[in-house]
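Q: Sequence:
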Amino acid sequence: YTEDIMILVSKKSNIKTLKDLYGKRVAVGPPGSGAWFSANSIKSKLDLNWVAIERAKDESLLSVIVGDTDALVIVGGYPIKMYSDMSPDMKNRVQLMDLSDKALNSLYTSAVLPAKSYSWQPEPVHIRKTTSLLATAADVPEPATAKLLSCLADSKPELLKWGHPKWKEVNFSLLRK
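Reading the sequence shown from the start, the letters are residues 2 to 178 in the numbering used here.
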């Protein structure tokens, strides 16, 4: 399935473009996370020099809201619960940054998050998309991986009923058996 790449900024920071992140405090997620990889890819591609804050996304969100951090890179499938749970009055404190910069075209697919996708996001915003994947360590036996995939595939009806809406996009026939 696809995941959204978004950058949430504090309105106090006056960040409007990716180049404005130069020298700023940017929460990039814990090392090894999807947000961390995406943030580092963007940073490298645009030759940005920001101060990377490596911490959990909930702690980072609070830090952006109170103004201790300038921006937060988030990667997740819409709807992202953390964003959905934010109250509409957050629109006065934070905003999603436009990611239409053509320099990112070689890394990610361009997309538009419609207005009001989140209660505090009044306007459409250009974001980026990436494809999620499930990976196992090289030393995990093939039968264990096959069993996990089989369990997930067999559970898809329940996952569709009770899980995240992104389960609709998962196509198990594309997975290696």
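Each hint should be verified, as a subset may be incorrect.
[As the list claims (entries may be wrong)] Here are the computed lysine-lysine pairs in the DSBU-like style, where the Cα-Cα straight-line distance is at most 30 Å:
no. : residue 1 : residue 2
1   : 92        : 20
2   : 148       : 103
3   : 117       : 44
4   : 157       : 103
5   : 46        : 157
6   : 46        : 130
7   : 13        : 117
8   : 148       : 25
9   : 162       : 25
10  : 148       : 92
11  : 167       : 44
12  : 44        : 17
13  : 162       : 82
14  : 12        : 82
15  : 92        : 103
16  : 20        : 103
17  : 92        : 130
18  : 167       : 92
19  : 44        : 25
20  : 44        : 157
21  : 17        : 157
22  : 92        : 157
23  : 157       : 167
24  : 46        : 162
25  : 82        : 103
26  : 148       : 167
27  : 167       : 103
28  : 25        : 13
29  : 20        : 46
30  : 82        : 44
31  : 25        : 157
32  : 130       : 17
Don't read these hints as lab results, they were simulated from the structure.
Q: All the hints need checking, so say for each whether the structure fits it.
A: Consistency of the hints with the structure:
| no. | hint | in the structure |
| --- | --- | --- |
| 1 | 92 - 20 | holds (23 Å) |
| 2 | 148 - 103 | violated (41 Å) |
| 3 | 117 - 44 | holds (28 Å) |
| 4 | 157 - 103 | violated (37 Å) |
| 5 | 46 - 157 | violated (37 Å) |
| 6 | 46 - 130 | holds (16 Å) |
| 7 | 13 - 117 | holds (22 Å) |
| 8 | 148 - 25 | violated (45 Å) |
| 9 | 162 - 25 | violated (42 Å) |
| 10 | 148 - 92 | violated (45 Å) |
| 11 | 167 - 44 | holds (28 Å) |
| 12 | 44 - 17 | holds (16 Å) |
| 13 | 162 - 82 | holds (17 Å) |
| 14 | 12 - 82 | holds (21 Å) |
| 15 | 92 - 103 | holds (27 Å) |
| 16 | 20 - 103 | holds (12 Å) |
| 17 | 92 - 130 | holds (23 Å) |
| 18 | 167 - 92 | holds (26 Å) |
| 19 | 44 - 25 | holds (12 Å) |
| 20 | 44 - 157 | violated (36 Å) |
| 21 | 17 - 157 | violated (41 Å) |
| 22 | 92 - 157 | violated (36 Å) |
| 23 | 157 - 167 | holds (11 Å) |
| 24 | 46 - 162 | violated (39 Å) |
| 25 | 82 - 103 | holds (29 Å) |
| 26 | 148 - 167 | holds (22 Å) |
| 27 | 167 - 103 | holds (27 Å) |
| 28 | 25 - 13 | holds (12 Å) |
| 29 | 20 - 46 | holds (11 Å) |
| 30 | 82 - 44 | holds (26 Å) |
| 31 | 25 - 157 | violated (42 Å) |
| 32 | 130 - 17 | holds (20 Å) |
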